[in-house]
Amino acid sequence: MNRPYGMSVTPLRKLPAAQAVSALQALNKPPFFHVVKGNPMSRFLMIAALSPLCLLPSFAKADVIAAENSKIMSAIVYTDRATVTRQAVVHLPAGSHSVTFQGLPAQMLPDSLRAEGSALAAVKFGAVVYKQVTASEIASPRASELNAQLETLQDQKNILDGEKQAIESKKIFLKTIGNQAALRTNENIADINLKPEQWTHAAQTLFTAINDAMAAGVAVDVKLRDLDKKIAAVQSEINGLGTGQYSTYTVTVPLETPAATQLTLDLSYQVSNASWNPIYDARLNTETSKMDLIQYGAVRQNSGEDWNDIKLTLSTAQPQRGTSLPDLTPFWVDLFRPELYNTKTAGFGGAGNSAPLAAAAPAMMAESADAMMRDQAPMEMAIKKKEASFTTANITSGGFVSEYHIPGPASITADGTETKVMVGQFATESTLQVHIKPQISTEAFLVAKAKLKGESPVLEGQVSLFRDGAFVGKSNLPLLRPDEEYALFFGADDQVSVKRKLLKDEKTEAGMILRDNIQERHFITEIQNLHSKPVVIVVKETTPVGRNDKIATTILKSDTTAGYEMDSANIKGLMRWEFTVQPKARQDVKLGWKVTWPKDTDLSGL
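In the numbering used here, the protein residues as written are 41 to 646.
If you are wondering where the hints come from, they were derived from the structure by calculation, not from laboratory data. Fair warning: this is a prediction, and the values are worked out from it, not measured in the lab. Hints are not guaranteed to be accurate.
Claimed, not checked - Here are the simulated EDC-like cross-link-like pairs (lysine to aspartate or glutamate), alpha carbons at most 20 Å apart as the crow flies:
{"hint": "1", "residue 1": "Lys580", "residue 2": "Asp628"}
{"hint": "2", "residue 1": "Lys211", "residue 2": "Asp201"}
{"hint": "3", "residue 1": "Lys597", "residue 2": "Asp628"}
{"hint": "4", "residue 1": "Lys630", "residue 2": "Glu524"}
{"hint": "5", "residue 1": "Lys489", "residue 2": "Glu469"}
{"hint": "6", "residue 1": "Lys164", "residue 2": "Glu296"}
As the list claims (entries may be wrong) - Here are the computed distance ranges between Cβ atoms for each label pair:
{"hint": "7", "residue 1": "Lys491", "residue 2": "Lys590", "range": "55 to 65 Å"}
{"hint": "8", "residue 1": "Glu525", "residue 2": "Phe376", "range": "29 to 39 Å"}
{"hint": "9", "residue 1": "Glu237", "residue 2": "Gln196", "range": "12 to 22 Å"}
{"hint": "10", "residue 1": "Glu495", "residue 2": "Arg154", "range": "41 to 51 Å"}
{"hint": "11", "residue 1": "Thr457", "residue 2": "Leu246", "range": "54 to 64 Å"}
{"hint": "12", "residue 1": "Lys590", "residue 2": "Pro378", "range": "37 to 47 Å"}
{"hint": "13", "residue 1": "Lys491", "residue 2": "Leu375", "range": "50 to 60 Å"}
{"hint": "14", "residue 1": "Lys269", "residue 2": "Ile217", "range": "52 to 62 Å"}
{"hint": "15", "residue 1": "Lys269", "residue 2": "Asn325", "range": "42 to 52 Å"}
{"hint": "16", "residue 1": "Ile217", "residue 2": "Thr457", "range": "55 to 65 Å"}
{"hint": "17", "residue 1": "Leu160", "residue 2": "Ala510", "range": "53 to 63 Å"}
{"hint": "18", "residue 1": "Met606", "residue 2": "Pro522", "range": "27 to 37 Å"}
{"hint": "19", "residue 1": "Phe213", "residue 2": "Val173", "range": "39 to 49 Å"}
Don't be surprised by glycine CBs; every beta carbon is placed ideally from N, CA and C.
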């Protein structure tokens, strides 16, 4: 409050009774006399405003301001959570205050709370305080909306049920009239009082009334069936929201400002039940051999609050993985001492059983150690691979974490529904090939061999494949870095004809003293290009590879088309041919091999 003429104000509750009375009487004297200008009502109001100070223990308590109009402005979505920023604009008088945010979702992670803001005055922030509120009377906004819908639908059903009962009563009444009419007709016949025109008119009237009642009943049944479906759907969604107990958080931000000001307050917090993953469209134009690779983000969240028209960012950071590695402990090894092992096992099975166990212990321990090494090695490789897919992505930061800033406002509902947002487009250099694997199929498949350009990598994800505008299927993309190549299959190419024939399949024996078994096979693959332009053909075929030194495989060069690559892609026994076939031309690929193994042994896998 203002202090006229520079006087200091002493709370009246600190004064003795006599002095307090004198202080109140001083209101009729300057300077207060000049402030209220002699208005008796103004003096009364001033006394009424100051008198409670004599009764209250303290008036230095901070004002509580509710951030009633706060709105979610942005969200950064990670692979298993999201950071949400909620903004409120509040007007602060000079002094100490507390701004409260109520109804924050139960999925909020309290340790992630952070408050910051901007104002013309120098506003100081205190420690953010949170409190969890759980009560059955607190309902989520969506639950309240669904309950209202359910009540409306049930009211409509009750009305239709009433119509149904009225129609049934009408039908019973009409049937009763019909039965009574039949009795009256029999009496008239007995009295020889025949009036056919009256019977016909009455019968037609009764028939029409019953028919209308039955039609109305069917119409009501159809409406009831539709209502039952709607009620079941709403009830199912209500059940999915959980029980009537609904938990929320109330967050309080203490503030202090030396002067009145308007504060724009941002409250950030992380929530669970939110995630995203990259998905792609690969669109191939077979005429130009151009492939467009478009990236999207599939975002979903069930955090308890909708995100409407927010600034959305997708991040590859993984907060759940922690910030450091655990400490390493010594890797102890020791010589096996049977006497210690016998002492331990004697307590379980007695001394009589300890010797066999001790004898088997080294083998068991060795086998266990080998198993442990086998189990650990793939796990370590898997972990390293997973780390690489995120730490090398340099979209916007140029460091270890990539962030995709989605253009324009985005809306993500809190029902777990997947929302697809546009991320961007990757530049590629692609060439078309036709791949043939005659051992598996005589169909040829169109392949786009694409090289990633630019500075941004492609993260691992599912890709939808479009060939000349038509959807042909889905595949998966691995992590691709700039200038890396990857082959994407775009379905069968019916304009390339493939036929495979087995020319020779013969088993013989050879050798003078140590005789061997010999299995020899010859194949031919006939390829014809029915396109109006040249096509690059890639043929892949595997040959037998022995797991034993006594098994030998030989490629028969005189019966095999030259120009092949052996052990292609570091795969043992994989042969690869690549060549160009002109329009309407034919090309044959021949392959001959033989496998030898000792005569008195059997061969598996051939």
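Here is what the structure says about each hint:
1. Lys580 <-> Asp628: holds, 13 Å
2. Lys211 <-> Asp201: Holds, at roughly 15 Å.
3. Lys597 <-> Asp628: holds, 15 Å
4. Lys630 <-> Glu524: Not satisfied, since the Cα-Cα distance of roughly 32 Å exceeds 20 Å.
5. Lys489 <-> Glu469: holds, 8 Å
6. Lys164 <-> Glu296: holds, 5 Å
7. Lys491 <-> Lys590: 55 to 65 Å: violated, 44 Å
8. Glu525 <-> Phe376: 29 to 39 Å: Violated, at about 52 Å.
9. Glu237 <-> Gln196: 12 to 22 Å: violated, 45 Å
10. Glu495 <-> Arg154: 41 to 51 Å: At 32 Å between Cβs, range violated.
11. Thr457 <-> Leu246: 54 to 64 Å: Holds, since Thr457 and Leu246 (Cβ atoms, about 55 Å apart) stay within the stated range.
12. Lys590 <-> Pro378: 37 to 47 Å: Once the Cβ atoms are compared, 39 Å apart, the range 37 to 47 Å for Pro378 and Lys590 holds.
13. Lys491 <-> Leu375: 50 to 60 Å: holds, 56 Å
14. Lys269 <-> Ile217: 52 to 62 Å: This hint is violated: roughly 37 Å between Cβ atoms.
15. Lys269 <-> Asn325: 42 to 52 Å: Roughly 45 Å apart at Cβ, these two residues keep to the hinted range, so it holds.
16. Ile217 <-> Thr457: 55 to 65 Å: Since the Cβ atoms of Ile217 and Thr457 sit about 56 Å apart, the hinted range of 55 to 65 Å holds.
17. Leu160 <-> Ala510: 53 to 63 Å: holds, 60 Å
18. Met606 <-> Pro522: 27 to 37 Å: holds, 31 Å
19. Phe213 <-> Val173: 39 to 49 Å: This hint is violated: roughly 58 Å between Cβ atoms.
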